[in-house]
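Here are the chains, one letter per residue:
2 protein chains.
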Amino acid sequence: MRTLKVELDQRSYPIHIGPNLLDQAELVLPTLSQKKVAIVTNTTVGPLYLERLKNALEKSKVAAISIILPDGEQYKNWETLNLIYDSLLENRCERNTAIIALGGGVIGDIAGFAAATYQRGVPFIQVPTTLLAQVDSSVGGKTAINHPLGKNMIGAFYQPKLVLADINTLDTLPERELKAGIAEVIKYGLIRDLPFFEWLELNIGKLLERNPEALGYAISRSCENKAEVVARDERESGERALLNLGHTFGHAIENAMGYGNWLHGEAVAAGTVLAARLSLFMGMLTEPDLARILALFEKAGLPTRSPEIGTERYIQLMELDKKVEDGKMRFVLLEKIGKARVRSDVPKEALSRTLESHG
Amino acid sequence: MRTLKVELDQRSYPIHIGPNLLDQAELVLPTLSQKKVAIVTNTTVGPLYLERLKNALEKSKVAAISIILPDGEQYKNWETLNLIYDSLLENRCERNTAIIALGGGVIGDIAGFAAATYQRGVPFIQVPTTLLAQVDSSVGGKTAINHPLGKNMIGAFYQPKLVLADINTLDTLPERELKAGIAEVIKYGLIRDLPFFEWLELNIGKLLERNPEALGYAISRSCENKAEVVARDERESGERALLNLGHTFGHAIENAMGYGNWLHGEAVAAGTVLAARLSLFMGMLTEPDLARILALFEKAGLPTRSPEIGTERYIQLMELDKKVEDGKMRFVLLEKIGKARVRSDVPKEALSRTLESHG
Chain A
60 MRTLKVELDQ RSYPIHIGPN LLDQAELVLP TLSQKKVAIV TNTTVGPLYL ERLKNALEKS
120 KVAAISIILP DGEQYKNWET LNLIYDSLLE NRCERNTAII ALGGGVIGDI AGFAAATYQR
180 GVPFIQVPTT LLAQVDSSVG GKTAINHPLG KNMIGAFYQP KLVLADINTL DTLPERELKA
240 GIAEVIKYGL IRDLPFFEWL ELNIGKLLER NPEALGYAIS RSCENKAEVV ARDERESGER
300 ALLNLGHTFG HAIENAMGYG NWLHGEAVAA GTVLAARLSL FMGMLTEPDL ARILALFEKA
360 GLPTRSPEIG TERYIQLMEL DKKVEDGKMR FVLLEKIGKA RVRSDVPKEA LSRTLESHG
Chain B
60 MRTLKVELDQ RSYPIHIGPN LLDQAELVLP TLSQKKVAIV TNTTVGPLYL ERLKNALEKS
120 KVAAISIILP DGEQYKNWET LNLIYDSLLE NRCERNTAII ALGGGVIGDI AGFAAATYQR
180 GVPFIQVPTT LLAQVDSSVG GKTAINHPLG KNMIGAFYQP KLVLADINTL DTLPERELKA
240 GIAEVIKYGL IRDLPFFEWL ELNIGKLLER NPEALGYAIS RSCENKAEVV ARDERESGER
300 ALLNLGHTFG HAIENAMGYG NWLHGEAVAA GTVLAARLSL FMGMLTEPDL ARILALFEKA
360 GLPTRSPEIG TERYIQLMEL DKKVEDGKMR FVLLEKIGKA RVRSDVPKEA LSRTLESHG
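Residue numbers (the working numbering), protein chains in the order written: chain A, 60 to 418; chain B, 60 to 418.
So that you can see chain A by itself, here it is in the shape it has in the complex:
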């Protein structure tokens, strides 16, 4: 087991990464202020891992209530959130009853937002079971639900007390979701870690084969990168925005195609290629670097062509993004592989040309 730490003063917390952590209730116990927890999971992950986690907790005399949600990004909304609140209230959960998110990014985001807002905030624990959640969404305290007019528009910064990434849960992850998670892994290499990008070029095959050592390394290295950025800029007033490489384009793709039809990681992959292309048009990235980026996404089996939803519609959807400031769109662009930068001076023509290229 590897343990990292997100350094945020009194709100610092550990990330444990390793095999069979689901059975190790002793990792959870120190964070509980009450022998009762509420586990939020979904209809896909629940049947696989809920009993194991509950049993481990119950052996340590921790009572667990379960809240099982429908599976999918299209359920990351008010209605589903209210199912959580209803259940917490019906089961008399209190201010010191911890909420545990057992699942992927959607479960982490919605359960985290429920934890941030139920009784004005209860303790929260992340048990991510997808690669995407283990390398990205479970770390850093972003929680949210979607609004019909935009993804993650309603949410809170709310840090967990603990992240428990059990690598073995990736064994049951559908291949498409594994690949989607790899998109966020590649992102860390692109924005701030050239040696990791180079490692990925050499080892992407091992990740796709789910080699445990390779997965463990990639998850730890990703979390290290994320933890460093979050520690320096928790609320995204600066550097943290770089983690959104490909996300402004990606969110537009997800929204236009209907949440859940493109997986988040797939949209981020296609969106990152657009961001790289735009970086090239802006005179930042070189052609050979763009080619390397395309090649790595392709080796990972990720989409590099964005869907045809029309330039106007793309721009409309991107203008709804949270990164808009004083009416100006801000883009995370690449200076080179391993170095990203925010630019708010992108000419409309460069943007249109990028969107028309589809990657």
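Derived from the structure by calculation, the hints contain no laboratory data. This one's a predicted model, so the numbers in the text were calculated from it and none came from an experiment. A portion of the hints provided could be inaccurate.
[To be verified] Straight-line C-alpha distance at most 27 Å; calculated DSS-like pairs for lysine-lysine:
| hint | chain 1 | residue 1 | chain 2 | residue 2 |
| --- | --- | --- | --- | --- |
| 1 | B | K113 | B | K64 |
| 2 | B | K95 | A | K407 |
| 3 | B | K387 | A | K120 |
Using the hints, position chain B against chain A.
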């Protein structure tokens, strides 16, 4: 104009109290990071004060969009909250667009929760227009909406950047609401400020006549008390709970009678009398002190008898309160006038006897 400060490190903020502050946009300008704001108000307060505030802002080149909600505690819910989100998104409000709450406690609570959660948090300004909001709910960062199973069950701690209490707005406040606000004013005397309680015994008539000097003093003294408590215990892990004197009973009354039928302050008055009676039964408060408390509430024209909703139902509703810890109900009780204490060892019989006394 009096100016106080809530001391919370980087999140410290001023409270300005005085006449005609609505016209003084220069008090607001330093807190804005963008020349655009969204004003949330209701159908009662909007026609009275919205144009004045908008005009003052527009003279300083600040564009203001308006979001006008139906008036009443019964609208402090998901549906109304979503009206705010819809409007913020339709009007392209961004992460640095401030939300201004112009109204009473309900508007402050729901607009504050919208500010806490829209795009994971935008700047928030309180412009309270009721006595209750000026002395209590606008200060301290508690935001929330109600759930069918309990009041303020969904919310966040989210501090405003500024509180602007324009005393003249109380001129149009219905008498019933003025009295309801006085309930929270009396609370500060009861829990931690005996000299203020004594001042109230002498000056309650002036408050009811809306004497501006008396109102200004009572509001400042209340805010001073609240600011001190909040600075020491922002998230209610200890001392702040004392501010909930009468609220566990009060919330049960509000819920049982249907939100909006009893005003919050009215329920708090009747609830405080119950808490005082329980304090007597617990051997804490004396009979003469109880009589003084009853007399002051009566002079203020506030209800001192709680409604007949049945002991069982009271207990059921109180068990839903956020102050329950490890299944035990916690009560804010009075040792004497000017000193409150949390007790979690109240015997069932003392509680039943209190509830059956109705005050």
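The hints, checked one at a time:
1. B:K113 - B:K64: Holds. K113 (chain B) to K64 (chain B) sits at ~25 Å (cutoff 27 Å).
2. B:K95 - A:K407: 24 Å, holds
3. B:K387 - A:K120: Holds. K387 (chain B) to K120 (chain A) sits at ~19 Å (cutoff 27 Å).
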